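Peer 1: The lines below spell out each chain.
Number of protein chains: 2
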Amino acid sequence: MLSENSPAPSSVRTKRYELLTLGDELLLGLTANGHLTYIGAQLGRRGVLLQRNITITDEAEAIVSQFRESWAKSDVLITTGGLGPTCDDRTREAIAEVLGQKLVFEPEIVKAIEARFARLGRKMTDNNLKQAYRFERGEVLPNAHGTAPGLWVEQDGKVLIMLPGPPNELQPMFAEQVVPRLAERGLLLDREAYVQIRSAGVGESALEVKLQPIFDRYGEALSIAFCAHQGQVDVRVSSPSGALSFTQLDEIAAECAKLLGEDFMCYGSDSMAKVAGDLLRAEELTLAVAETATGGMLASAFTDICGASKFFAGGCVCYSNESKMQLLDVPECLLKQHGAVSAENAVAMAVGAAERLGADYGLAITGFAGPCGGTNENPVGTIYIALHSPQGVWSKKLHYPGPRATVNRRAVNAALDWLRRELVRASRGAVVMGGQTGGQNG
Amino acid sequence: MLSENSPAPSSVRTKRYELLTLGDELLLGLTANGHLTYIGAQLGRRGVLLQRNITITDEAEAIVSQFRESWAKSDVLITTGGLGPTCDDRTREAIAEVLGQKLVFEPEIVKAIEARFARLGRKMTDNNLKQAYRFERGEVLPNAHGTAPGLWVEQDGKVLIMLPGPPNELQPMFAEQVVPRLAERGLLLDREAYVQIRSAGVGESALEVKLQPIFDRYGEALSIAFCAHQGQVDVRVSSPSGALSFTQLDEIAAECAKLLGEDFMCYGSDSMAKVAGDLLRAEELTLAVAETATGGMLASAFTDICGASKFFAGGCVCYSNESKMQLLDVPECLLKQHGAVSAENAVAMAVGAAERLGADYGLAITGFAGPCGGTNENPVGTIYIALHSPQGVWSKKLHYPGPRATVNRRAVNAALDWLRRELVRASRGAVVMGGQTGGQNG
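Those protein sequences? They're chains B and F, same order as listed.
Be aware that the first sequence starts at 1, since it is given in full-length UniProt numbering, and climbs by one per residue.
Be aware that the second sequence starts at 1, since it is given in full-length UniProt numbering, and climbs by one per residue.
For the record, the hints were derived by calculation from the structure and aren't laboratory data.
Some hints could be false.
The list treats identical chains as one, so a pair stands whether inside a single copy or across any two.
Claimed, not checked - Derived DSSO-like pairs: lysine-lysine, alpha-carbon spacing no greater than 27 Å straight-line: (1) K130 x K258; (2) K102 x K73; (3) K310 x K397; (4) K111 x K310; (5) K123 x K158; (6) K123 x K336; (7) K158 x K310; (8) K123 x K274; (9) K396 x K336; (10) K123 x K210; (11) K210 x K258; (12) K310 x K336; (13) K158 x K258; (14) K111 x K258; (15) K397 x K73.
Nothing here was measured: the structure is a model prediction, and the numbers come from that model.
Make a model of the complete structure from these sequences and hints.
Peer 2: This is the structure:
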């Protein structure tokens, strides 16, 4: 539901946001431009489409000329980088000149920097004082995770926000200080602009065809956006005009989820492993994994989740046949007869992992990810996955084109999605059986 | 050595390159801007610093206005995206208008697209014909991996290069067609502009102090750039004026490597795991790994290398105590007495992995990566690594601040670097011993 102060989505949409990212390291391809990904996504969630991102060198001349142009065009201009103590660039000075403002020394910033150094048991060096200047008609955004504070200026009906370059400093500052301030001023929505449904195993166009009858009922009041990535498709339902309330959007999303059945993964943006893990935890079940070519990617998908030890027993990366025999009790004769890239071995690995680690479910991947390896029967790109569950054990043969990293990623996603679907079916089965014995309906 | 046609580095440096990346998905943070990282790095290797990257929406109006400004400022302008069959934007048309060129239908492109569809056993749909237009005074860059060809225009003493959006189409087109064409025209160097030395375990400023005496001998003829990332620092030596030949740069790099001793990792940009793996392969030695919180990251570092099965036996991700006992023979009493996050357990895991998998080396990581877990004695961020080698077994306690992913990444890097150094020492030991018995000097 919209709070009373929430701006109308349509008024937010007309604000022009630009992002100016500074740094030669971005232009030399040494660092990925994570600020664009992060800030773009955060603004998108609050109903704003960033209009332009410009990355320029650290040269003062380039900064002045670009800042002047971007400032003239924007309602909100965000800059990242160039605020640190060692930079020999003149970002603050260059921008102050264009704004016609003076920089003033702020003793409070020095105190905060000194306190930070003291906590780390070090003494502040003088070059840090460079970070203690703010615009004379501007505010300071304290930095809880580093020395350079952010800077906030409102002038000519526009907002300028200067953020420090390190992502672990920028991201909390943006989420905790910048987003609420922008929302207060009606420059972005005070909650997410859309409800996101994440689906798996259905192509973008098939998904659109399937959901269209629901969307058709709402006409232009409803806006739909699809985004496909790695075997998953996200659907975002929103109402830019504000004609539909958030309660209605939630209801539409629930209807889509119901129609999608087990192709529905989750609301929001949880990973496949997180969704499967939550299903395991809910039933107090455990999982063990075994893998070859994917070499730890399958295990990582689970261990990236905090608290994974509640359901994840462990995994084996079995490159050699020796390791498959030693760690997973795969019989030597099986490997000799069928080879390591075979349905038989995948099954033996899944069962071996579950039994060795005393887990309820065992998930295994073996295959040729390339570029080396492969046989006539099982060329590069051939993957076998196997799933051991309390109900039995199965194997599937898959084939993916593309480079090694792509093959591995798709294999891991396929295995995770299979596990997820089995868990969904098992939990539904339990409900039905409960209904049959206890006379309840789900 | 410079070939006869090679442009002088200084003339390349004065050319202004801009990159225009198109797409709402970039501005919404749905996709990382990998084109900037890739193209920026490729240009940097050939002596060019990209001056500006601009990401804008797919709207025709935004494209026209940005293209006009960027074209006026650039010597070489590269665009990515907006060339596909389904885009409803007008990228080609918008740019043709600014250039004052007509678009002409090119039957050769249609033939190539039809052939591609035929190979995939599908029929070309009509919307693909949209991709068959080129500029009347321009060329076509064939696309070996997709339907939309690239476009090349030379006009007003400038070059425009339009590339398709999918990275697997763009990257080979850029490397195989664009770079050679630009080099032919003297717009970038025809070999790498620098020699890169990768070091580990020395901070950027300490490295600078250490190498300065070498650099000082060459004065302004030599240019040095440092780039620090994840415990490694890269040093690039180049000669923008062309005063030093590439043979001389190679010699300077070799001198730096010698001075750095075992802090020298490699020339170029191999990963730590690749360097360690090469050392193992050279001696026909094998490795097994065991890990807890890093959950597969350590194993992945090796399995990401093609041909890793030559030296990598396998790994265990042991989340539960049960799995440590079952997979690695860690004694239950040890886990009860010292806990899973202890030097004793790290040692038992390293030895267990090596023994179980019959490997020469065993590398183990256990710890609290956070945000949950941790004790008074071993707070979040505490990591134990252990290395089992033919010479014995050791353990180290480390502590890293920061979020889970950072702690894990640093723990993996520390373990890999330890292994690398041990292998370097072991191989040197062999040389010294050979020298002692055979009367040779290294």
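Peer 1: Now, for every hint given, state plainly whether the structure supports it.
Peer 2: Structure-based check of all given hints:
{"no.": "1", "hint": "K130 x K258", "in the structure": "neither (57 Å within a copy, 38 Å between copies)"}
{"no.": "2", "hint": "K102 x K73", "in the structure": "within (22 Å within a copy, 31 Å between copies)"}
{"no.": "3", "hint": "K310 x K397", "in the structure": "between (30 Å within a copy, 26 Å between copies)"}
{"no.": "4", "hint": "K111 x K310", "in the structure": "neither (44 Å within a copy, 56 Å between copies)"}
{"no.": "5", "hint": "K123 x K158", "in the structure": "neither (38 Å within a copy, 53 Å between copies)"}
{"no.": "6", "hint": "K123 x K336", "in the structure": "neither (65 Å within a copy, 42 Å between copies)"}
{"no.": "7", "hint": "K158 x K310", "in the structure": "neither (49 Å within a copy, 61 Å between copies)"}
{"no.": "8", "hint": "K123 x K274", "in the structure": "neither (43 Å within a copy, 39 Å between copies)"}
{"no.": "9", "hint": "K396 x K336", "in the structure": "within (20 Å within a copy, 40 Å between copies)"}
{"no.": "10", "hint": "K123 x K210", "in the structure": "between (63 Å within a copy, 24 Å between copies)"}
{"no.": "11", "hint": "K210 x K258", "in the structure": "within (12 Å within a copy, 65 Å between copies)"}
{"no.": "12", "hint": "K310 x K336", "in the structure": "between (37 Å within a copy, 19 Å between copies)"}
{"no.": "13", "hint": "K158 x K258", "in the structure": "neither (44 Å within a copy, 56 Å between copies)"}
{"no.": "14", "hint": "K111 x K258", "in the structure": "neither (56 Å within a copy, 45 Å between copies)"}
{"no.": "15", "hint": "K397 x K73", "in the structure": "neither (55 Å within a copy, 54 Å between copies)"}
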